[in-house]
Amino acid sequence: MHSFGYRLNVLLTFAVTILALMCAMASLSDNLNTPSPSAEIQIMNINWFQKQPQGNDEVSLTMNISADLQSLFTWNTKQVFIFVAAEYETPKNSLNQVSLWDAIIPAKEHAKFWIHTSNKYRFVDQGNNLRGKEFNLTLHWHVMPKTGKMFANKIVMTGYSLPEEYR
Amino acid sequence: MGWIGDTVDSIKSIQIRQLLTQAVSLGMIVTSALIIWKALMCITGSESPVVVVLSGSMEPGFKRGDILFLHMSKDPIRAGEIVVFNVDGREIPIVHRVIKVHERQDTGEVDVLTKGDNNYGDDRLLYAQGQLWLQRHHIMGRAVGFLPYVGWVTIVMTEKPIIKYILIGALGLLVITSKD
Chain A
1 MHSFGYRLNV LLTFAVTILA LMCAMASLSD NLNTPSPSAE IQIMNINWFQ
51 KQPQGNDEVS LTMNISADLQ SLFTWNTKQV FIFVAAEYET PKNSLNQVSL
101 WDAIIPAKEH AKFWIHTSNK YRFVDQGNNL RGKEFNLTLH WHVMPKTGKM
151 FANKIVMTGY SLPEEYR
Chain B
1001 MGWIGDTVDS IKSIQIRQLL TQAVSLGMIV TSALIIWKAL MCITGSESPV
1051 VVVLSGSMEP GFKRGDILFL HMSKDPIRAG EIVVFNVDGR EIPIVHRVIK
1101 VHERQDTGEV DVLTKGDNNY GDDRLLYAQG QLWLQRHHIM GRAVGFLPYV
1151 GWVTIVMTEK PIIKYILIGA LGLLVITSKD
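The listed protein sequences correspond, in order, to chains A and B. To convert, note that position 59 of the first sequence is 59 in my numbering; the numbers rise steadily by one, no gaps. To convert, count from 1 in the second sequence and add 1000; that's my numbering.
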């Protein structure tokens, strides 16, 4: 009843249970946080706009992205993954989401930033529907915790459009 | 040394009924573990509700040895979600983030492109020969939560199976020789 093996068993079970409880509480504490992020994206330049040999339109653009995401961080946050996606509709596809740029914010100090960049990933359509296309730029963020449930949300910015002609 | 003598004595003094009782309790423990696993599969709607991260392609968010909890719902797949998918012909599932989505007007079917956060390029190199997009049926679930480090047990047992045998052997010995 009081053998070494029995005591070790009880100790380990108790330790694992308490650890699991602490992880769950840490995750639940994230719900107390009410984030109020803000972001702004300006398209500085359309570098080029061509139809590829396979028939798909492709755009290269340069953006100014500024955001304040400091309110997303809690003590249980490991990092925040953010990305900017262009979202638009075409006759064939009800929704197209193309990620243009992403970044990892490892700490609260880096969460308020301004960056001038061209698109990291190719903005390619399925088809040649992009001339004159209106699209939204959405800043998505994905809060990855040290332990527990992950949260994701986004800010949709509307009103962007592509040129009528290739260049 | 007295412990080894006690163990040998207790193995010699085993009665059949006691042995059978303990075999049944062991069977019940294994079966309840299986029931919990199957129930989790039903609740989360995913074929494998828990996966272990095996590679460093999603660092620093997910490191090797972390455990991911998956959930699959009928909601459409959207960019930014972390999905677990199987490529035809590969048995190990991959956990990466969706970076491109093209959803058809008429059928609602979707073409998806994924990329590991820590990888330079997208996953087209990992897909089957000639495959450019993933479809919904490739995707096993979305990652909704995670626990760090807990998956190392599984990785160690898979990569050094001798440890698995030692553990099972020791557990079996403990069950047989316990005086309850």
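FYI, nobody ran anything at the bench for these hints, they're computed from the structure. Be careful, since some hints might not be right.
[Claimed, not checked] Result set (DSS-like, lysine-lysine): computed pairs, CA atoms no more than 30 Å apart in a straight line: (1) B:1063 to A:149; (2) A:146 to B:1063; (3) B:1164 to B:1074; (4) B:1074 to A:146; (5) B:1160 to A:133; (6) A:51 to A:133; (7) A:108 to B:1063; (8) A:78 to A:154.
[Said to hold, decoys possible] On the chain B side, residues computed to face chain A include the following (Cβ under 7 Å): (9) 1059; (10) 1061; (11) 1065; (12) 1067; (13) 1077; (14) 1080; (15) 1100; (16) 1145.
[Unchecked claim] Residues from chain B shown here face chain A by an in silico Cβ test under 8 Å; the list is partial: (17) 1078; (18) 1103; (19) 1117.
Ideal Cβ placement from N, Cα and C applies to all residues, glycine included.
So, going through the hints one by one against the coordinates:
1. B:1063 to A:149: holds, 16 Å
2. A:146 to B:1063: holds, 11 Å
3. B:1164 to B:1074: Distance of about 37 Å is beyond 30 Å: violated.
4. B:1074 to A:146: Cα-Cα ~28 Å, so holds.
5. B:1160 to A:133: violated, 55 Å
6. A:51 to A:133: holds, 14 Å
7. A:108 to B:1063: holds, 21 Å
8. A:78 to A:154: Measuring from Cα to Cα gives roughly 19 Å; hence the hint holds.
9. 1059: violated, 9 Å
10. 1061: Cβ of residue 1061 (chain B) sits 5 Å from chain A, so the hint holds.
11. 1065: Since the shortest Cβ distance to chain A is 14 Å, the answer is violated.
12. 1067: violated, 10 Å
13. 1077: violated, 10 Å
14. 1080: Status holds, d = 4 Å.
15. 1100: Holds: closest Cβ of chain A sits about 5 Å from residue 1100 (chain B), inside 7 Å.
16. 1145: Holds. Min distance 5 Å.
17. 1078: At 7 Å from the nearest chain A Cβ, residue 1078 (chain B) passes the 8 Å test, so the hint holds.
18. 1103: Holds: closest Cβ of chain A sits about 4 Å from residue 1103 (chain B), inside 8 Å.
19. 1117: holds, 6 Å
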